[in-house]
Structures are given as structure tokens and as C-alpha cells.
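J.: This is what each chain is made of:
Number of protein chains: 2
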Amino acid sequence: MAKQSYQAPTGTRDFYPLDAAKRRFVLEAWRRASIIHGFEEVDGPTFEHLELYTVKSGDGIISELFSFTRDGGEKAYALRPEFTPTLARLYATKANSLPKPTKWFCTPTTFRAERPQRGRLREFLQWNVDLIGDNSPQADAEIIATCVSVLAGLGLTPQDVRVKVNHRQALADWLTSRGLPTDRHGDLFKLLDNKHKMPAPQFAQAIAQFGFTIEQADVFQKGIVRVTVDEVLPTGQKTDHVVDLTYFSEAVLPLSKELVAAGIIDWIDFDLSIVRGLAYYTGMVFEVHEASGAERAIAGGGRYDNLIELFGGPPTPAVGFGMGDVVLSLVLQDRGKFPTDEQVLELAGLRPDVYVLSNGMPEAELQVKPIVAQLRKLNIHARSTYKTTRNVGKLLQEAASMKARVALIVESATHATLKNLTTGEQTQPTPLPQAIALLTQRPA
Amino acid sequence: MAKQSYQAPTGTRDFYPLDAAKRRFVLEAWRRASIIHGFEEVDGPTFEHLELYTVKSGDGIISELFSFTRDGGEKAYALRPEFTPTLARLYATKANSLPKPTKWFCTPTTFRAERPQRGRLREFLQWNVDLIGDNSPQADAEIIATCVSVLAGLGLTPQDVRVKVNHRQALADWLTSRGLPTDRHGDLFKLLDNKHKMPAPQFAQAIAQFGFTIEQADVFQKGIVRVTVDEVLPTGQKTDHVVDLTYFSEAVLPLSKELVAAGIIDWIDFDLSIVRGLAYYTGMVFEVHEASGAERAIAGGGRYDNLIELFGGPPTPAVGFGMGDVVLSLVLQDRGKFPTDEQVLELAGLRPDVYVLSNGMPEAELQVKPIVAQLRKLNIHARSTYKTTRNVGKLLQEAASMKARVALIVESATHATLKNLTTGEQTQPTPLPQAIALLTQRPA
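Chains as they are written, first to last, in the working numbering: chain A, 1 to 444; chain B, 1 to 444.
Isolated chain A, as found in the complex:
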């Protein structure tokens, strides 16, 4: 009978040690940036009641979900496609006893039942950062700064990636002033959000229905509507734009000042064409893109002041963003910023602190296992061979191939030498307790 072979489901990933170490590298960067900005970790179930997802997104979301029921008429569940509904549920449940503001982050696995494409898998990690209970531009800026902190910490620069910022309310005010009724804004936002997926003539025709000229359509689609910081700040020069910046400047001026104070204004483009598809944003919105426009958005978010109430909580302002691991990793690779495999493995702790061997004498060899056990009890990453050879040269080769920092060579029942495998330096034979003490003094 031919052996059957099994594969991972389409759009999911297997993580062998190097893959898992790379994922951990990204996770740790997310985690550290969250913590130094004062966010605390939360999490929820991997699956929720299906109805939690239709509250915010309507029944249209169901086809994009992995949903299931249990036998015996239990309720329907779905794997989480995003964390925000869980976050809103958590906050709404304990709103009265939580601090103001509440600052939460999470790095959950999330799931989309879509056709997998470059940068879009069916299972991926999404970093979520949310600041709840504060409606100030300072909160908006702090959210963007936390996002930029990870990008900078991973070695990306404002030349590699751009943070495109817009303001949903400013855009809405401008559209209203142009005579577009509020109930048609959503349709226009959807169109703007899909602008890169449409040929120019088709986009121009579609946007004409909202009262925009071909020239304006071109500007929206190409993103040349980008507004510089100087134009937004009151000291700056206003240049002529095919769109009216008045509403926009008013809305983002306080935010701009906060972004300057946070030291991240270099990363920012104000871009009137960024709307974010999701209907629930109420103020500032932003997306992070690779500078040349390659790849999908690295991150996206904004202010959502009505959502907590929608999930049964008190009216509560909130701002946050999500960043997936798939596109981020692609951009780091595109830009040559991902650490080498060796660096990633070392960062994951996979480089042994010490490799223990003996000189082959039976009384020395007897000490190897107990010494390895003793070192591990002292929280030291210790290894020894699984091979049958006791040839010192071959074993030291194995130690070097594992990138062990030090070799402890047992020379007798009572003494060992330590060999620094980077410099080649070797100690005189030392009593075993002393040799072990020398190892524990090294930074682990």
C-alpha cells in the first residue's frame, strides 16, 4: 500500500524551527513596543458566537468566516476574523471598573475564509493595539507612534514605509459642503477604498456619480492628493489643490502638533484618499504602506467612537489599529531588513550556552550527564551529544555547528576545562564546582 501523505490546509502555515523563530522575532517586536508605550496584554477565545461578528459587520461577513455549530442545537460559532469585536465585548463587560484610558494590546491568530493570495492567508497573526476612553488627538498620536515604534525597531525607515493619515469626519464635512448627502458617503468611501483595484476609466466614471471631475478622479486614484505637513501646520504654505483642504486642515492640525511632539512626523503623509473600508471609523484613519506601493497595507486603523456602545457598553471613544504578520514579513524581506537566519535563531534563544563533553576517560564521561542536568537546573541552556563517538575533535565540531558559546570538557572525575568557542581560549583544569560557577557568572 502506498503511504499516504498529509498536508496543511490551504492558506495555513507550518512552522519549522526557523519559521517559528522568525514568527517569534515579529511577536517579540510587537510585544515590546506595546509594553514600552504602556499597553497591557489581553486576549479572548479563538472562536466566538457567530452573532458577535455580525453586530459590527452585518450578515455579509458570514461568507468570509470559518463558522460551525455543534451537534444538539448549540449556537453557531466562528473563528475570529479580527480581534475588535472581542475587545469591544471585553471592554463593555467591565467598562465601569476599567481605568480611563484603558490601553490594551493583543497578538491573536485570526482567520479569513478567503482565497489565499500573496500577503493574505487564511490563518495569520494580527497585532491589535487600542486606547479606549480618550478622545484626544494625543491618543490618536500615541496609537500611530506605537505602530511606528515597531517599524523603526525592525529597522525600517521613513524611506521604506509611509504612514498615510486621513480624517473621516473632515472628509465627510467636505463632501457635505459639496452637496453630497450623508447617506451616500458610505458608497463613496467604499469606492475610494477600492480605487487601486479598478482601471482609471472605470473609477472616473464611478466617482463622477458623486460629482467629481476626471481630474479629481485621477488625483484620488494616484494618491497625489497627498498633503504635506507644512500645508497642514499653520506656519506652512498652502499650495493649490484640486480638492479643498480647509476642513481637513482644521481636523488634523491638533493631531499634527501631537505627531511632531511624538517625534514621528517624518513618517507621516496626510492622504485624503485613505478612507479604510470599515464603516465604523469616526475620525482619524491611517494605513501603513511600503513606500513604493508594493505589497498590501502593513497596518491600518483609526478612531471608532461608537463601537463600544454597539456591543452593549457605555458611549466610549476609542482608537486603535491592527498589523498582520504576513505583509510585515514580506516588506521586511523586500527591504532586506529581516535579520539573518543565524541572528533570528540566536534571538530565539536557540544558541546553547554550553556544550558538555568529556576527554573520553570513563570516570570523566560518567560526569557528563549529571553536569548537563545540574547546569539546566541553574537555568543554563546546556547540551551534549547523542552520538556514540567520544572523539573530542568531532564533538567540538558538533558544538561549533550548534553555535554553542562555551565547551565544558570534563577531564577527570573532579576537573574540567572551559573552552570559549568564539575566541578558542581555554582554561586550565578547574575543579568542577568552580567550572560550573564560572559558567553561571556569564550572562545567560
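Treat the hints loosely; a few may be bogus.
Note that the list lumps identical chains together, so a pair holds whenever it fits in one copy or between two copies.
Said to hold, decoys possible - Here are the simulated BS3-like pairs of lysine-lysine, each with C-alpha atoms no more than 25 Å apart in a straight line:
hint: 1; residue 1: Lys94; residue 2: Lys56
hint: 2; residue 1: Lys94; residue 2: Lys195
hint: 3; residue 1: Lys56; residue 2: Lys100
hint: 4; residue 1: Lys387; residue 2: Lys94
hint: 5; residue 1: Lys94; residue 2: Lys403
For the record, the hints were derived by calculation from the structure and aren't laboratory data.
Position chain B against the provided structure of chain A, taking the given hints into account.
T.: Then chain B, alone, in the frame of chain A:
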């Protein structure tokens, strides 16, 4: 309209910051023990093709799974109830290019569609540690030592928990020598595995069908069949047992020597009644229990030399175990070994390195946000207030309630003082760059 409130699905957990910090405490203990013992992290998808789970466990497993299909005739999937099938798939796929032995760990979320009870949820974390490609007792001992390393690292002692070790092949050989046909062993193993769930008379009656006396039934059920290390090691005294220890002693003698070398023999009970329910174990099996018998098993595992082949790989010996976070946490709480909330939060990094405030002078206040931003760029956990008050006393109270280590008080446009919030010590006004440099010299 009354507001709707939403709950997490039955048997799943919400993790508010303290809960998430406790979970991280356990995860980090697992991770560190894995790494110092030379295991490398792997992972797979959260859901797999349903058939991956029936390979090992038969169709009987389906009712315990959260399974689902996608519209359009795609294959059936299931949330992973355990990691071993994924591990076997990963190994079988790349068996030829993987090192011998391959040492892997994983800390996945796993799912069981059972009725939730104390110590048993529908979603939980399970630490998996596996050593593949080595059939030696040394490998068996290393797996048990890695498990004990976490228990000891979490502050548990051999008085708190016991590692109960048995040998499936030794038990089978003994049963065969007693005349029980091989094809009936599985039924007896199942009965032994359920011994604690049955009243004594019922158990005695059931085990009588396998040729055991009431006296022997009592011994099996109460676990007094426990064998001491001295009886197993050849130097030791043999005492009379109602069961024949000959086969057992032969099978576990080499393992016992390795457990002595690994320095963990104090934790071990040899217990003939431990069989592990899963049919696929082929040699050593073990379970970790709270010493008084409270709670479910903390961990369980053993040798499974036929499994990799079952998943399409070459014949490959393997040994491993799983430990869930739910029972472990209950035992730590029962035994008073869980760190205090304050300790857990500090270990999770949630204690700020510095709290930045000003003395209230406008030119000093203007520096607060840029300094916070600068400190965070230096990877320092920095916070400031969201309150409108600029009263130094009130702000220092807030800093203390956050458990910040240091307060940086901006005194002018150019100078600041540093106040150690543990000792109360305060510096003289210092130029800002120097004050920041002092902070970065502290261990972060």
C-alpha cells in the same frame, strides 16, 4: 431598546491583563525549560484536515472535535484537539532532512468539544515536548527531566507532585505471561485508565474478567502497586507484591539509571497502574499528578515508536508529553505556589521604568511629551499622565500606583530631577540629556 450583552462561548476564557500576565508566566516557564533542554519551537495550523485526526484516533474522535466545512464542497476541517498529529505530519514530510534526534516543542491552543468541568475547558494551551529519532532510555529520561524542570522552576517540589512512570511493553509482557491474549490487552488498558472513575466493586468485577483477584483489583485501583526506586535498581531489596515485578524491573532498570543521572529520581514513582488511555504508546508512559491525588493529571506522555510511520514517515522512534495550562494553574494555586498578582504583572514587563511629569511650569510641561517619545525610542517603558491635573503630589501618587521605578520631573526647559520611587532618593536638577542617559544605564 435594552442593550444586548455578549458572552464568551462556554468553556472558553477571556484574558484581562492580569489573566493574560498569568498565562504568560506559565508560557514563559514552558518556553525556557524547553530551550535550556535543547528543544526548538515548531507550530502548525490551528485547524487541520479532519482526516489527520482520525488516522491516529479513529472515527470515535469526531464527536469530541469542533469540525467544520466550507461552502462549495471543500474538505472537512477540525480545530486541533492535540498537537501530536501535526507534529507527526511535520516530521514525516521532512524526515530525511531533519537532524537525529529532532527535538521539538510547541505551546499551541487546543480544543475539545466536551462538557467543561474543573480542569477541563473547551479551549486551552498545551505544552508539547517531543524527542524524535532516538529510542534510548536516555531520551525517555530527558523528556521526563524537561517536564520536571518546569515543575521545579515553578516552585513545586517532589512533596507537591509525583511523576508516575510505567512501561507499556513490560505490562504487556507480564499480561501475556499470565495467559492474557494480546488482542485483549487494549481493553484492560482502557479499564485501568478509567479505574478512578469506577466504584470498587464494579472495577473488581470488570478486572476479574482479565483473570485478576479482588485483592489485585484493590491494589491496582488504589495505586498501592507503586514500586520504589530501590526495588527497581539492582542494589535494592525486593519486597513481596501481589503482582510480579520481574518484567517491569527489567524494562525500567536502564531508565532508572538515567533518571538518577538526570538528578530527578526523587520525583518518580513507578506505578504499574498507569497505562495512558491512548492506544499508540509502545514503551515508557508517565503521568504527573498532584501528590494528594487532587485535580486531573498535570501532564502525560510516553514513547510512541510507530506513530511517525502511521503518518507516512519512515519508521522512527519517538517520545514526548503534553501539559495543559488549566490543571497546572489549579495545582499551583492549590499549593500556594502561584506568584502574587504584583509579581506576575512585573514579570510580564508591566511595571513602568519611568513616569515623566513636570513641575507645572509651562516651559517644563512642553518637554514632557518629547521626553516620553525619546525614552520609548530608547526601548524604555515610559509613561505620563492622561489627567488634566499638573499637581506634582497627585501625579507622583499616580506614578506610585503604577509601580513605576523612577519619576523624571522636568523642572525647566533644560533640566530635570530623577526620583527613585522605591527609596525616595532624588537627584539635583540635571541637564535633560544627562538625566535620560542616567535612565538608560539602568537595567531595563
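J.: Among all the numbered hints in the text so far, which are the ones the structure does not match?
T.: Hint 2 contradicted; others consistent.
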